[in-house]
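Chemist: Work the whole structure out from these sequences, hints included.
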Amino acid sequence: MEQSKVKQVKRMNQALIAAAGIAFLVAVWTAVSDQMKGGTDDLFLILVCLLLAALFAISPLKWAKDNGMFSAGDDEAGVAIIHEHELEGAHGGSDRENVIVWGGLLAMTAIEVLLAYVQLHPGLMLTILMLLSVVKAALIIAYFMHLKFERFTLIMTIVPTLIVLLCLFGIFYPDSRRAHDLRPPMEIGQPQSEQPQSEGER
Amino acid sequence: MAEAKAEMLLANEWGGGTLPYRVSHRKLGMWLFIMSDTLTFSALLVTYAYVRLSSAAWPTPFPFVPSVIFSTVMTLVLLSSSLTMVFAVSAAKRRQKKMARRWILATMFFGATFIVLHLMEWNHLISEGLTPFKLPGEWLKDWPRASPLFGSAFFGITGLHMFHVFTGVMYLGVIAARIRKFTADDVEVSGLYWHFVDLVWMFVFPLIYLMSVKPH
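Going down the list, the sequences are from chains A and B. For what it's worth, the working numbering labels the leading residue of the first sequence as 286, then goes sequentially. For what it's worth, the working numbering labels the leading residue of the second sequence as 868, then goes sequentially.
Keep in mind that the hints were calculated from the coordinates and are not lab data. There's no promise every hint is true.
[What the hints assert, rightly or not] Here are the simulated distance ranges between beta carbons:
1) B:Pro-887 x A:Ala-427: 42 to 50 angstroms
2) A:Ala-339 x B:Gly-1004: 45 to 53 angstroms
3) B:Ala-910 x A:Met-441: 19 to 27 angstroms
4) A:Gln-404 x B:Phe-1030: 28 to 36 angstroms
All residues carry an ideal CB built from backbone N, CA and C; glycine is no exception.
Modeler: Take a look at the structure:
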């Protein structure tokens, strides 16, 4: 019974490793092919492929680590260890820990507001703000929303899905710079300029 | 002994009768809802970034004093409401239901404060002449050719967020009113929703307000 399960897990992991390898190869091919122009599209394709490769590889690597493949242990003992560990159940952070997290969130908000007062270059500003916001979001999800103390399976279901989907949203973003150049020259937000025309028609 | 236990677990894991994620179905449902809602908000925020970058000009109309200070206070209120919600959940887990109710009421108070402050902000902007599809005339003097989509982005994103806060206050109200019937898990699930509303504001606040501070 257990032997067949272990076989299934192994086969699944081989498939995942293969998928990770394919994603990695696509990234490498994008980087070395003649069509590579170093533009935002190429960079984005490479980033998404590397991300997919990392995501595919997480599960097999974790399995390999749990089974002691990196330290030459035997398989079944590893399987037993995971479940013993998970049976202990989830216990959350203490109130003190949560107050510290709250203080950290406030401090990061203060830094953000200070940056807005200093007024940096918009690109640099956006990068710093987004990095800080991602850290804040991670703190809220891990401690306030308790995800850190949930089972690893739940974390693996929620977090990678969201990261991949958000990156896919981002694919459209570089396009916005082009959209501006492609637009025929016209006055935006100035209805006054249209008025002389309509008068002329009359 | 341990191996036999692991074998049993492996055999039963997806065979029914167990909880593969070790969470209740309510909590899993709330997590799935939060994932879908994350995508709703990120679609809106990416659209806002797209429209802003592809427009000829974009107004940056919020003066540091008072607008940004005001919205910083709103952020403080929302962050504090998350902390009180955490205390409510841990009180509920210790089976101190009265204590949990008090913390939930504090959370609702902060949430309502946030809505009132935000409506004041809206009222101020509307009185300046900002509507979803038109900029105030004075702004067009400062930012000629500015895109009127500023209004739709601002009211759309903050409006949807405010609606979420409002829904959250209602949800917590139901939990607090009938706390005897609800378990600690129910309180925790409502807490998940509340923290998510807080989390969304952590992105809305920098992108909408801090990126649009008036040069001074």
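Chemist: Look at each hint and say if it fits the structure.
Modeler: Okay, the hints, checked on the actual structure:
no.: 1; hint: B:Pro-887 x A:Ala-427: 42 to 50 angstroms; result: 21 angstroms, violated
no.: 2; hint: A:Ala-339 x B:Gly-1004: 45 to 53 angstroms; result: 51 angstroms, holds
no.: 3; hint: B:Ala-910 x A:Met-441: 19 to 27 angstroms; result: 24 angstroms, holds
no.: 4; hint: A:Gln-404 x B:Phe-1030: 28 to 36 angstroms; result: 32 angstroms, holds
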